Amino acid sequence: MLRRRCFNPIHAFTEHSISPAKRATNEKEFEVMITNPGPLRVAYSPDYLDWLYRAYRSKLKYTDERKKAEEAGEARRAAAQAKLDALAKQQGMLDLFERQPQFPAIHIDKAARCHVVELFKEMVLDRAWKPEEVWDKALLYRAILAERQASYPASYRYILDTAQGVNLAPRESGISDTGSNGSSVDARSSNESAGGIVGQSTLVIPREDDYMYFVYLVRRYYIDNAVEGHVVLRCHRQPNASELLFSHPPPKDEQEVLRSLYRPGTATATQGKDASVKAQDGAAAAPQQRPSGVATIARPRPPSSYPPIEALWRCEENEALLRVLVFGELNLLVSENPFVRFPKAQAYLTRPSSSTPAPGAAGSSVEGADGYGGPHQQRRGGGHRGIGSEGGISLSSVIAEKRGHLLAPLSRNVAMMIDSRANDVRRLQQRYEREDTASFQKMLRGSAQVEENPGLYSAYSDWSYFNPRAVRAEERDALSRQTVAALKTYDEASRDIYRVGFEEAEARSAFRPVEGKNNAPSYVPTLPHFVALVKKDPHVSFLSHVALPEEYNTASHAAAGVSEKHQLEKLVVQLARALYRMALEFHKERLRRVNRQKVQVAASLLDRFMTERWRVHCVAHPSSEGVRDMARRFSAYVPFEGRILDESGFPTDARMEDYERWMAAPSAALLTVLAGSGQEHLVDDYDALSPSEQTTLATQILSYTNAQWKHMNVILRDSLRHLNSSNAAAGTGGGNAAKAASQITPPPADTIINVPALLAKRPSELAAIRAAGMRVVANGEGAVLLMAGGSGTLGAGRGTMPLLVTTSDQNDTVTRQFFHEHNFFGLLPDQVFFSRQCSLPCYDEASGRVLMEARGSICLAPGGNAGVYESLAKASATTSGSQSVLAQIEARGVRYVQIVSVDNILARVGDPYFFGVAASCQAEVVLKTVPKVSAAEKVGVVAQVDGEWAVVEYTEIGDRRSAEKDPATGELAFNCGNIASHCCSLDFLAFAATYMETSTFYHAARKTIPTINGPAPAIKLEAFIFDVFRYAKDVPSRAERAKKAPLPDALQILQVDRSMEFAPIKNADGAAADTPMTAAQLLLDLHTKWVAEAIEAAPGTCAAASISTPGMYTTQERATALQRLRDGQCCWEISPLVSYEGEGLAAYVGQLIHRSATGIGVLGLEETTAGTASI
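Under full-length UniProt numbering, the residue at position 140 of the sequence shown is numbered 140, and the numbers go up by one with no gaps.
None of these hints come from the bench; they were simulated from the model. A portion of the hints provided could be inaccurate.
Stated by the list, open to error - As a list, the in silico EDC-like pairs of lysine to aspartate or glutamate whose alpha-carbon atoms are at most 16 Å apart:
#	residue 1	residue 2
1	K932	D959
2	K252	E147
3	K1089	E1133
4	K1089	D1127
5	K938	E956
6	K565	D629
7	K121	E329
8	K874	E853
9	K932	E890
As the structure is a computational prediction, the values presented were derived from the model and not from experiment.
Sequences are here, hints too, so could you generate the full structure?
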């Protein structure tokens, strides 16, 4: 502590010396800065200069930290201030609704007709109401204003006068309103109105009969505002409208309303410009039509037809009605709960299954009636009326309108398909709405108690939320919480701005938030809130709504009336109640522990039920395979028991172990992984790294487990011991080297299958091997693994055989992208499997520590092609869960995998001879080899070392033994040159992957690599794929098969013709051999040989004279073609889609002869789309 005070950053350095442009970057520059370069130079002692320079560096650090805190603080404070301003605005709106029973008056007396039309289009037309609903609402608003005009102040006089000036078509004459003859409304199209179908009339203004119907509604149901009118309009056309609109107080007597409506003298109060004339006619006719106390007036019916909706805003006759509609939308909404008056309408209007889109959304109305895309729905701009849209606007037309003119229109087939699917969804919705409505009405009537049936209670939100005041209370609480959070952010930002201590700047990054104490909850929670919180968990929701059966699962449960779904609902409510009590009393510290224990008990009960039922209904015995497939896509279940609480007692989605991991220092988790491995130095400067550098380093360290880090230390130790002993043996020479070489023996003759020799002497045996391989391919038991660990170009062919592609860290992304860009070369996407080999760290030989390549990056190098075993067995995410590549191909029935190197362009992919040897000999490993060119050829050979299989390098055998010959054949004894082409059984690959987890047999190499401190010597570790072949005999399944019958050697060698199957690419163009140019020439030589053999096998002539018809040739043309091929004047490249190993070329022999006799250079034969070949 005293030392830190010695380097107090408040040391008096001038502002000039600490400015970014004038700073000293090292001690020499600092000395020049503080000494006087003039005649009176100041000299400092070295100790004092060192102390002062360190104080200067501390001052710079303090200045940078303070500037950073000020900049960040200003930005955070500005953001917090903006958030507070927005929240204050929302609070003000809530206050406006809470303190004023009616919305503020918005007058339109000075609005011109164009303004009213635009308001109508914005507020009404663009919200996709049904046309009849627009007319209904307009006439209802007119009736409300006319009937309640006495209650409005004088400022509303202009709109009342406008309402009186609404134009209505005259009532039909000659029709009586008595019960014997029926009312005028009843006499018109009653069958259509009763069916809920509203047609289009030829008039441009609504009829007075329709308007009188809404006056009847206003008078009977005491409608005073648009909220109550909304409920009535949603219900009045339903068959059970009388039941739904039963109100408190009860509706006025119907006959009394009708008599007041049709008695003489009332017309003046409800009609338009010709009211007085019509009133006199009605007064004269009334005594004759309705004798008082005798006749019963029939109930009026809803309107059956309206003018086109365009007439409302385009015809001047409707301008007064349009103003009434816009005024009503702006001023007749009030802040009250309409279901207090109409309790029975609540279940119908708030059905849980009827999704109500947001106002203004496509296909929705402000009221949310009839869901999406209801019948007779029209929008401004029209649209295609698709098939199945029931005469109204279709879903395809809504999509087309949203797409606009920038995209091509939908085709008719696509539109029909979309509309058909929309109709299916609509029918299902209507079916479930009927069931949900019945359940919801039952709950509202109070017949079911929460304790008896918690599922019914928690299936919906708290029905008190339908009260607008309750909704505003919840919104106010939410705004209060957001305001408190914004104020905390503002205060923290202010502290950052006015920070004065360097210690505070340093401690800022180490600050950790802790749970608050004695804090009251920021808002009062509700039980339904916690019910929804628990049911929000995806596993609970899936089990409740999909997986659990509806019926009782046991007889005891059936007798008790308790199903598994009922049990789950009860446990959910039990946990929600415990959380509710916990949140209410969280500020009481003495009760917090007890309530927490109750929460844990309820959570453990729910967790146990969830675990057991998930295993039964989603894994072991699901109701359908679809349920099983959906359940596989879920991540691991997070128990409720371990979840933590926030500062107000509300549960979060995290667990305690997650909380501890988050709260720990970033490097603590990495130290846990590196513990005991001796590599803890990798995180020494972790806190000083940038965020991107920290991410890179953490990714590299966490790619290995703690056990793997320790295991790599053992690998390093054993590999260095083996390297040093080998070097010592090679350095001594003489006896030791000869002794080491004497332990190497050629492979036994019975393990070598020589293809050229069998083809010449015993072709039937070779044909049997090929037939066995073709059966493996035909049965889908073969697969091909392409080792693309380098940077070569990839290709693939067609077929049903799985293709496995193994990549490295360097080329994984580009390889996957290459396959996608080329459409997987004709293969199906699920036919190609990718796996990536991991890299290994590079070590310092002296200390055994991992070297750093740069800040935040470890020195990594490829770990050899033996990493293919672990990459195949490593699980990765798939559509059906986490599976390894081996598990996926095993499920497809694969038994053998051919491993092909990407740098051999003559490798035969899916070779039937490979699979045939493995199947007929029951071998675990088959190696393809080629004869050596000479004894001095520097190539590894397959041999046995101390009786164990191995690939031995030429330096280990020595020149003398390399020249030894086999007395039986006269060929070289060590003549099986390795070409890195293998075929392994699936059992062996799984066994090898397990072996590599504990193996320490790696090859160490001393290399100079770039490090953070410049080029430095390092140890690279590699393991080769053939290092594990010696354990082929130890595959567990082989021991079981050996009990039934003796088996050949577990490893077999397939000796092939070098010119037909080996064209390596090891060097760049310009080298002496094994370049892309030399490999391409070998490919052309092979294909040219196929063409020559096909021409030689063809008949001498196919025509009397030379003609150009394809397939026809003469003897002279045939001889010329053969001579040109022998002289190298032309060469051929045959597509693998035409011929695999030279077969099938007889069908194209005429074309081959013509082109060979006249062509120059490289000629090609490819397969066309028609299945024939093109030259």
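Going through the hints against the structure:
Simply put, K932 and D959 have alpha-carbon atoms about 14 Å apart, close enough for the 16 Å limit, and the pair holds. Note on K252 and E147: the hinted pairing holds, with a Cα-Cα distance of about 15 Å set against a maximum of 16 Å. Using a Cα cut-off of 16 Å, the hinted pair K1089 and E1133 holds, with the two alpha carbons roughly 10 Å apart. With a CA separation close to 12 Å, the supplied pair K1089 and D1127 stays within the 16 Å bound.
Between K938 and E956, the direct Cα distance comes to roughly 11 Å. Compliance with the 16 Å bound is thereby established for this hinted pair. Simply put, K565 and D629 have alpha-carbon atoms about 21 Å apart, too far for the 16 Å limit, and the pair is violated. For a cut-off of 16 Å, the pair hint linking K121 to E329 stands: about 12 Å separates their Cα positions. With a CA separation close to 27 Å, the supplied pair K874 and E853 exceeds the 16 Å bound.
This hinted pair does not check out: K932 and E890 have alpha carbons roughly 37 Å apart, beyond 16 Å.
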